[in-house]
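*Asks:* Starting from the structure of chain G, add chain R where the hints point.
These protein sequence lines are chains G and R, in that order.
With our numbering as the guide, the letters of the first sequence map in order to residues 3 to 424.
With our numbering as the guide, the letters of the second sequence map in order to residues 3 to 424.
Hints may contain errors.
It does not matter which identical chain is used: a pair holds within one copy or between any two.
For lysine-lysine, the following DSS-like pairs were computed, each having C-alpha atoms within a straight-line distance of at most 30 Å [said to hold, decoys possible]:
{"no.": "1", "residue 1": "K166", "residue 2": "K379"}
{"no.": "2", "residue 1": "K147", "residue 2": "K23"}
{"no.": "3", "residue 1": "K253", "residue 2": "K401"}
{"no.": "4", "residue 1": "K169", "residue 2": "K401"}
{"no.": "5", "residue 1": "K23", "residue 2": "K253"}
{"no.": "6", "residue 1": "K175", "residue 2": "K265"}
{"no.": "7", "residue 1": "K25", "residue 2": "K110"}
{"no.": "8", "residue 1": "K147", "residue 2": "K25"}
{"no.": "9", "residue 1": "K253", "residue 2": "K25"}
{"no.": "10", "residue 1": "K93", "residue 2": "K25"}
{"no.": "11", "residue 1": "K166", "residue 2": "K271"}
{"no.": "12", "residue 1": "K271", "residue 2": "K343"}
{"no.": "13", "residue 1": "K147", "residue 2": "K271"}
{"no.": "14", "residue 1": "K265", "residue 2": "K166"}
{"no.": "15", "residue 1": "K265", "residue 2": "K169"}
{"no.": "16", "residue 1": "K91", "residue 2": "K4"}
{"no.": "17", "residue 1": "K147", "residue 2": "K401"}
{"no.": "18", "residue 1": "K271", "residue 2": "K169"}
{"no.": "19", "residue 1": "K265", "residue 2": "K147"}
In short, the hints are calculated from the structure, not lab data.
2 protein chains.
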Amino acid sequence: MKVAILGVGTVGSEVANILIKNKDIILARAGVSIEPVIGLVRDTSKKRGVQIPLSSDARSIIERDDIDVFVELMGGVEKPYEVVSEILKRKKAVVTANKALLAYHRYKLQALAGDTPFGFEASVAGGIPIIKTLREGLSANRIEKIIGIVNGTSNFILTNMMQKNEKFEDALKRAQELGYAEADPSFDIGGFDAAHKLLILASIAYGVHGDPEDILIEGIEEITQEDIYFAREFDFIIKLLAVAKRACDNKVELRVHPALISKDQMLSKVDGVMNGVSIYGDCVGESMYYGPGAGGSATASAVISDLIDIARDNKNPMLGYKILPSENFMQILPSEQIRTKYYFRLRVRDEKGVLAKLTNIMSLNDLSIDSFLQKPKLKTDEEVTLFFTTHTCCEKDIKRAISVISGENFITQKPFMIRIES
Amino acid sequence: MKVAILGVGTVGSEVANILIKNKDIILARAGVSIEPVIGLVRDTSKKRGVQIPLSSDARSIIERDDIDVFVELMGGVEKPYEVVSEILKRKKAVVTANKALLAYHRYKLQALAGDTPFGFEASVAGGIPIIKTLREGLSANRIEKIIGIVNGTSNFILTNMMQKNEKFEDALKRAQELGYAEADPSFDIGGFDAAHKLLILASIAYGVHGDPEDILIEGIEEITQEDIYFAREFDFIIKLLAVAKRACDNKVELRVHPALISKDQMLSKVDGVMNGVSIYGDCVGESMYYGPGAGGSATASAVISDLIDIARDNKNPMLGYKILPSENFMQILPSEQIRTKYYFRLRVRDEKGVLAKLTNIMSLNDLSIDSFLQKPKLKTDEEVTLFFTTHTCCEKDIKRAISVISGENFITQKPFMIRIES
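Just chain G, with the same shape it has in the complex:
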């Protein structure tokens, strides 16, 4: 089986090198040899540490008849969409690690592919075979819920904020120094990368059709040491979660946001740049998958498992439940209908009657308080920080209450809210 690698960066060069280094076991497992024959790069003069020929001429590679599978690792959305579409139209197999491409175009590409193999194991959670698990390992199950820590950058920052008491800015700076965060980190810490991955998982579990713009996405930028303090007091850990949850009426809740989760949950132990995904199935209950979510060789491991599957002619099911009329293309639940528990932090003037006013506003907006904490203040402080958590309630009630509270003159800082995932 001859393979072209479109994009020979960190992942692409590892794909080429592992195909050569582990040639013997790959032959044993695939039944045929899998040979990288050409790499597409922008600049052929740059050294890349690979033994395959390189070319900058995309057209000449795509049109080669002797290539069986194209591995797309170019990055971006529209350019790879064009390239992958053309390859699939030529009935050649494609393997990609490009989550953004899939977040926007997965159904179109899947339709184009038809019976032509189209693999994207590497697009979610790097080296963890989570797509195979969801599609095949748990295929007997109605999926109730998926909760994932799927962005290593955010998880590294939050882990350092919790374990080393670092401020957000310092933890981010360290992540950048270590190469875990980009110079412009907003795609990762803003939750967008996690949202792309969530849409891919939700497509498989629920046949959800939607773009990242259609779902609730919040990042970790506003989390402070005060939130960490509260989490510690109440045995919570703060994680950036990607959540897909079956709701009523053929609807699915999809959301990405920081969340307080109990210290007892297995997911709370997923630290640093590692990824973890918990899946709740109606037969199996909870199972959890943990491993490196990024990195050249871990991602290449997933790419190559797709190549081996193609060589072995493993039949992957399509995205979503194509044959299942009752659930085909479940709808995304409007975000104001989300129901969960909430935490908020309020900075208020230390005046009489403030607490009475606050609890009154909450009660008027159907919020019921589960716990309350007032941090001891120094004598000289004129302000105090209040922390509340609520029982399960509706997102629209929380949003309304926060908007009312924000307008009160005893409030000295914008109120901050984190959802609680229990």
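*Replies:* Using the frame of chain G, we list chain R on its own:
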């Protein structure tokens, strides 16, 4: 696709019921409907809460031409071996959850099966798709090491000993009351169940050919609260581990025994009856798989995923590296050549010179001490407990040192050793 269920107990009845309850999603994922048509039981008069016809006549079921797949859930070894062999000779597909059958006869059955599908996802770690992960998800990797907590009974007992300070006997009794342990628990707590599962995983990863009798198996029966005390002092957790590790010269280390593992390891958080398996691959690094290792519906989830794979004609590779001459059928490393770190607990008379004698014996046997702890004793005690850990050394040196130490007259109890897995 018509399915016969041979053995309609806890798992078999769940397989029948889930195939009916989740009919729609199973049809969507398999592409065809999967229908349980008959169940084999010993006593047809017993109520089993299933809607399929039951029969006690094995022969009449096996000979039915309309059945496509036989699910073997009979238990035992030789009887199911006979039945499964006959079915495979008739070129009919088999799915089994029977780990003992596979521990002893997997290569013979695989050879008999040839191209006929033969699935056994449910035989290891219940609902966790660990066999698919090892065979397909991580197929690009040379597997360096597998470390599993694969016996829920032992893990429940050890978790309670550590978290609730229960004695072994009390934790075992509670496991029996809750239905997590058999009346005769020796198969689980003695490590034999874990050894069966280890051999199945090692077959896939290394093509190891061996029976349970060929590998090192130790149980958890002799662990006391003193070992728990030491573990806590040094930030260890005690778990019953099943370990497969690539050694030199085409050899694999296979062993089942209680072990001290660092609190930082993800595997140390696998508590209660849950299972967890860490796999180290040369490309992906460490990944970990966590979920329910037993229970009717979790195990049925794995059985049905095999049925769906068969319906979809997913090609599973054979056991081991059939096509890979260099590693085909790796050998089991003789247990005296195992190299790891060790902990031991000694009960000695509180006399002068004991420590000097002990350290002298260790040094003469090439053991180098990594840590030492002497528990503070009451004035009235005439004995003390000493704890040692060693640097990495060889199993035969430890065994020889322990045998020498046992013969000393200051020793008042049989010395006890636990391996350390770092």
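*Asks:* What are the numbers of the hints that this structure violates, sorted from low to high?
*Replies:* none
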